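Protein sequences, first through last, are from chains A and B. Per my numbering, the first sequence starts with residue 45, numbered consecutively. Per my numbering, the second sequence starts with residue 45, numbered consecutively.
Be careful, since some hints might not be right.
[What the hints assert, rightly or not] Subject to a maximum C-alpha distance of 30 Å in a straight line, what follows is the list of computed BS3-like cross-link-like pairs (lysine-lysine):
1. K90(B) / K302(A)
2. K342(A) / K342(B)
3. K226(B) / K48(A)
4. K226(A) / K211(B)
5. K263(B) / K211(B)
6. K226(A) / K129(B)
7. K290(B) / K194(B)
8. K104(B) / K362(A)
9. K126(A) / K104(A)
10. K187(A) / K211(B)
11. K142(A) / K187(A)
12. K302(A) / K240(A)
13. K342(B) / K48(A)
14. K187(A) / K194(B)
15. K342(B) / K126(B)
16. K362(B) / K187(A)
17. K104(B) / K362(B)
18. K155(A) / K104(A)
19. K290(A) / K302(B)
20. K104(A) / K142(A)
21. K290(B) / K208(B)
22. K286(B) / K226(A)
23. K129(B) / K194(B)
24. K342(A) / K93(A)
25. K290(A) / K208(A)
26. K90(A) / K208(A)
27. K155(B) / K342(A)
28. K286(A) / K226(B)
29. K302(B) / K90(A)
30. K142(A) / K155(A)
31. K362(A) / K129(B)
32. K142(B) / K240(A)
33. K290(A) / K211(B)
34. K155(A) / K362(B)
35. K302(A) / K93(B)
36. K106(B) / K211(B)
37. K155(B) / K142(B)
38. K48(B) / K129(B)
39. K106(B) / K290(B)
In short, the hints are calculated from the structure, not lab data. From a predicted model like this one, the values you see are computed outputs, not experimental measurements.
There are 2 protein chains.
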Amino acid sequence: MGIKIGILGYGNLGKGVECAILQNPDMELAAIFTRRNPETLTPRTKDTKVISISEVNNWKDKIDVMILCGGSATDLPEQTPKFAKIFNVIDSFDTHAKIPEHFNNVDRAAKEGNKTAIISVGWDPGMFSLNRIYANAILPDGKDYTFWGKGVSQGHSDAIRRIKGVKDAKQYTIPVESALAKVRGGENPDLTTRQKHTRECFVVLEDGADPAAVEHEIKAMPNYFADYDTTVHFISEEELIKSHSKIPHGGFVLRSGKTGLHNENSHIIEYSLKLDSNPEFTSSVLVAYARAAYRLNKEGSIGCKTVFDIAPAYLSPKSGEELRAQML
Amino acid sequence: MGIKIGILGYGNLGKGVECAILQNPDMELAAIFTRRNPETLTPRTKDTKVISISEVNNWKDKIDVMILCGGSATDLPEQTPKFAKIFNVIDSFDTHAKIPEHFNNVDRAAKEGNKTAIISVGWDPGMFSLNRIYANAILPDGKDYTFWGKGVSQGHSDAIRRIKGVKDAKQYTIPVESALAKVRGGENPDLTTRQKHTRECFVVLEDGADPAAVEHEIKAMPNYFADYDTTVHFISEEELIKSHSKIPHGGFVLRSGKTGLHNENSHIIEYSLKLDSNPEFTSSVLVAYARAAYRLNKEGSIGCKTVFDIAPAYLSPKSGEELRAQML
Chain A
45 MGIKIGILGY GNLGKGVECA ILQNPDMELA AIFTRRNPET LTPRTKDTKV ISISEVNNWK
105 DKIDVMILCG GSATDLPEQT PKFAKIFNVI DSFDTHAKIP EHFNNVDRAA KEGNKTAIIS
165 VGWDPGMFSL NRIYANAILP DGKDYTFWGK GVSQGHSDAI RRIKGVKDAK QYTIPVESAL
225 AKVRGGENPD LTTRQKHTRE CFVVLEDGAD PAAVEHEIKA MPNYFADYDT TVHFISEEEL
285 IKSHSKIPHG GFVLRSGKTG LHNENSHIIE YSLKLDSNPE FTSSVLVAYA RAAYRLNKEG
345 SIGCKTVFDI APAYLSPKSG EELRAQML
Chain B
45 MGIKIGILGY GNLGKGVECA ILQNPDMELA AIFTRRNPET LTPRTKDTKV ISISEVNNWK
105 DKIDVMILCG GSATDLPEQT PKFAKIFNVI DSFDTHAKIP EHFNNVDRAA KEGNKTAIIS
165 VGWDPGMFSL NRIYANAILP DGKDYTFWGK GVSQGHSDAI RRIKGVKDAK QYTIPVESAL
225 AKVRGGENPD LTTRQKHTRE CFVVLEDGAD PAAVEHEIKA MPNYFADYDT TVHFISEEEL
285 IKSHSKIPHG GFVLRSGKTG LHNENSHIIE YSLKLDSNPE FTSSVLVAYA RAAYRLNKEG
345 SIGCKTVFDI APAYLSPKSG EELRAQML
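Isolated chain A, as found in the complex (with noise of 0.2 Å):
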């Protein structure tokens, strides 16, 4: 019997949770729970159960882990502590400025259950923060830089579909070759939100809409693009379509740090992704840490966690042994 895990929302999150669980054989995919009326909903992997989220405190003891693949901004906040009393959860919570206040909710309704809950498990937050952490925690004395792209921003995207007379939208995040080059040479450059990345948009226009004034707003859109330098590109919806469907992203950590007595030695620590798609390489995040909630619950450390508090070792179907001949 493999660790059985639930699937709670099924977007592309979800799916990419239903993928990476045929990649590990000690897991096994329970059912799907979804707010939508299940029959509505037809899963990619044959014989999956689609259970109605009302049912689910019937599902207690047939789930070892419930990966949560909702959306951070009105899903995680509500379903994450409201779970973690029922099972062990795994969600990948980012929006990094509210992180300790969904911390301690989490943390209180799982010790209220008895569950373990890992939160914000993905790449970033999750990869990048253990890059950031291990670097940080080897060179004291350094500075720390993250560049993000080439990839999709969901957000950005979103923001360009929302102006008057734009039918459908990509946005490209950019980091800036020569700033990632100055960083790898351990120049540790104070560089500016322009400096860092570029913006590239790919526009589909409503008929009739104006073009000069579609990418003004654009460009001016505080937050979003004014600090950017921003392309943008008008295009046809069979161009976008064919060209720009798949969600690539990555990025890259680095650290630049001084040892010696009188500082006289650099090391660069980086870490890079290159993902063909966002979305199935969180969920394999968020397998991973599955696999150590159900680990870790077992031998009661009971409590909200992150990926800090979580030894790699419980993300490895591999024993001890296993790992020190072959990894180390």
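Chain B: place on chain A using the hints.
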């Protein structure tokens, strides 16, 4: 009062630990222990005590963590189990094939003394191992690649120095850029030893030695050079001292993996290090894990551990709250 660190062995690694402690305000150097006559040893930092290893038992209650800075060939297999009975210890044991045996010996000793030991700490084994375990857990369907360099290989430099007619030598291990590019491009190549690294040697000859004979002997040396494209440069002793006295190193750990219902999406995870000083960077990792050993022992978590068994938060001087607010 900071965490009281002892350094056992005062070579490049011990000197690196001495410097790294200065960068960590929660730590202090209690003493350096040496097999040499303590009077013959001058620490890099002022007022540092140097103690004969024969007196180490008197320091049982004055040291929180002893960092063992000896070599893997003969020092650590004997020292780590011996001192793990008396102190919390950290070592950088890097003979990959013998790690399981070393682990068992140290585990037995540490448990006997109620101490915490962390072995094989550094960057490979160490940070590279961490990246292998995380990447494998996230992308079970994938392929691992490790490239080393550009950097000085002490073992290969020593092998050249043992050749008759060679006065001194430095050997650089260099990753093959085109092979790295193929891996980054997601091609999943099968790479031979020769295709992954080249070796570049800078050799100072004894008076009257035959360069052609030395070059032939280097290039034909089994294991060390025969399987590689090797370049040999003969230079003066002055030039070797001037241009090849540093001990840089580094390397790349990559995992290329697939996700999706039909493996339709590719992902590349890459971790790389570019180090001016191999021993100082390794020392900095040792010191971060010393903090973990100290805390784990306080919690009653005894026995032998590796980097796989340590949650990242234990390495950082920051609290859980600070880490979640600042680094997640």
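Now the hints, each set against the structure:
This hinted pair checks out: K90(B) and K302(A) have alpha carbons roughly 21 Å apart, not beyond 30 Å. Between the alpha carbons of K342(A) and K342(B) the distance comes to roughly 23 Å, so the proposed pair stays at or under 30 Å and holds. For the suggested pair K226(B) and K48(A), the alpha carbons sit about 38 Å apart, so the restraint of at most 30 Å is broken. With a CA separation close to 39 Å, the supplied pair K226(A) and K211(B) exceeds the 30 Å bound.
Restraint check for K263(B) and K211(B): satisfied, since their Cα atoms lie roughly 17 Å apart, inside the 30 Å limit. This hinted pair does not check out: K226(A) and K129(B) have alpha carbons roughly 47 Å apart, beyond 30 Å. Straight-line distance between C-alpha atoms of K290(B) and K194(B) comes to about 12 Å, which keeps the hinted pair within the 30 Å bound. Pair hint K104(B) plus K362(A) does not hold up; C-alpha atoms about 37 Å apart against a cutoff of 30 Å.
Under the criterion of a C-alpha separation no larger than 30 Å, the hint pairing K126(A) with K104(A) is consistent with the structure, at around 13 Å. Note on K187(A) and K211(B): the hinted pairing is violated, with a Cα-Cα distance of about 41 Å set against a maximum of 30 Å. The hinted pair formed by K142(A) and K187(A) meets the criterion: a straight-line CA distance of about 24 Å does not exceed 30 Å. Restraint check: the Cα-Cα separation between K302(A) and K240(A) comes to about 23 Å, which is no more than 30 Å; the hinted pair holds.
Proximity of K342(B) to K48(A) is assessed by CA-CA distance (about 35 Å); at most 30 Å being required, the pair is judged violated. A distance of roughly 23 Å separates the Cα atoms of K187(A) and K194(B); the hinted pair therefore holds under the 30 Å criterion. Between K342(B) and K126(B), the direct Cα distance comes to roughly 21 Å. Compliance with the 30 Å bound is thereby established for this hinted pair. Distance hint between K362(B) and K187(A) is fulfilled; the C-alpha atoms sit about 16 Å from each other, no more than 30 Å.
Between K104(B) and K362(B) the alpha-carbon distance is near 28 Å, which keeps this suggested pair within the 30 Å criterion. Of the pairs offered as hints, the one joining K155(A) and K104(A) holds, with about 16 Å between alpha carbons and a cut-off of 30 Å not exceeded. For the given pair, K290(A) sits about 15 Å from K302(B) by alpha-carbon distance, which is consistent with the 30 Å threshold. For the hint pairing K104(A) with K142(A), the CA-to-CA distance comes to about 28 Å; that is within 30 Å, so the pair holds.
About 25 Å separates the Cα atoms of K290(B) and K208(B), which keeps this hinted pair within 30 Å; it holds. As the CA atoms of K286(B) and K226(A) are separated by approximately 27 Å, the hinted pair is consistent with the 30 Å bound. Our distance criterion of 30 Å between C-alpha atoms is broken by K129(B) and K194(B), whose separation comes to about 38 Å. The hinted pair formed by K342(A) and K93(A) meets the criterion: a straight-line CA distance of about 26 Å does not exceed 30 Å.
With a C-alpha separation of about 25 Å, the suggested pair K290(A) and K208(A) falls inside the 30 Å cut-off, and the hint holds. Distance restraint check for K90(A) and K208(A): the Cα-Cα separation of roughly 41 Å exceeds the 30 Å cut-off, and the hinted pair is therefore not satisfied. With a CA separation close to 24 Å, the supplied pair K155(B) and K342(A) stays within the 30 Å bound. Between the alpha carbons of K286(A) and K226(B) the distance comes to roughly 27 Å, so the proposed pair stays at or under 30 Å and holds.
Only pairs whose Cα atoms come within 30 Å are accepted, and K302(B) paired with K90(A) is accepted, the gap being roughly 21 Å. For the hint pairing K142(A) with K155(A), the CA-to-CA distance comes to about 20 Å; that is within 30 Å, so the pair holds. For the hint linking K362(A) to K129(B), the alpha-carbon distance of about 29 Å falls within 30 Å, and the restraint holds. Between K142(B) and K240(A) the alpha-carbon distance is near 45 Å, which puts this suggested pair outside the 30 Å criterion.
Straight-line distance between C-alpha atoms of K290(A) and K211(B) comes to about 59 Å, which puts the hinted pair past the 30 Å bound. Distance restraint check for K155(A) and K362(B): the Cα-Cα separation of roughly 24 Å lies within the 30 Å cut-off, and the hinted pair is therefore satisfied. At roughly 25 Å between alpha-carbon atoms, K302(A) and K93(B) fall within 30 Å of each other, so this suggested pair holds. Of the pairs offered as hints, the one joining K106(B) and K211(B) is violated, with about 44 Å between alpha carbons and a cut-off of 30 Å exceeded.
For a cut-off of 30 Å, the pair hint linking K155(B) to K142(B) stands: about 20 Å separates their Cα positions. A threshold of 30 Å between alpha carbons decides the hint, and for K48(B) with K129(B) the separation of about 17 Å falls inside it, so the pair holds. For the given pair, K106(B) sits about 35 Å from K290(B) by alpha-carbon distance, which is inconsistent with the 30 Å threshold.
This entry does not satisfy hints 3, 4, 6, 8, 10, 13, 23, 26, 32, 33, 36, 39, going by the numbered hints stated previously.
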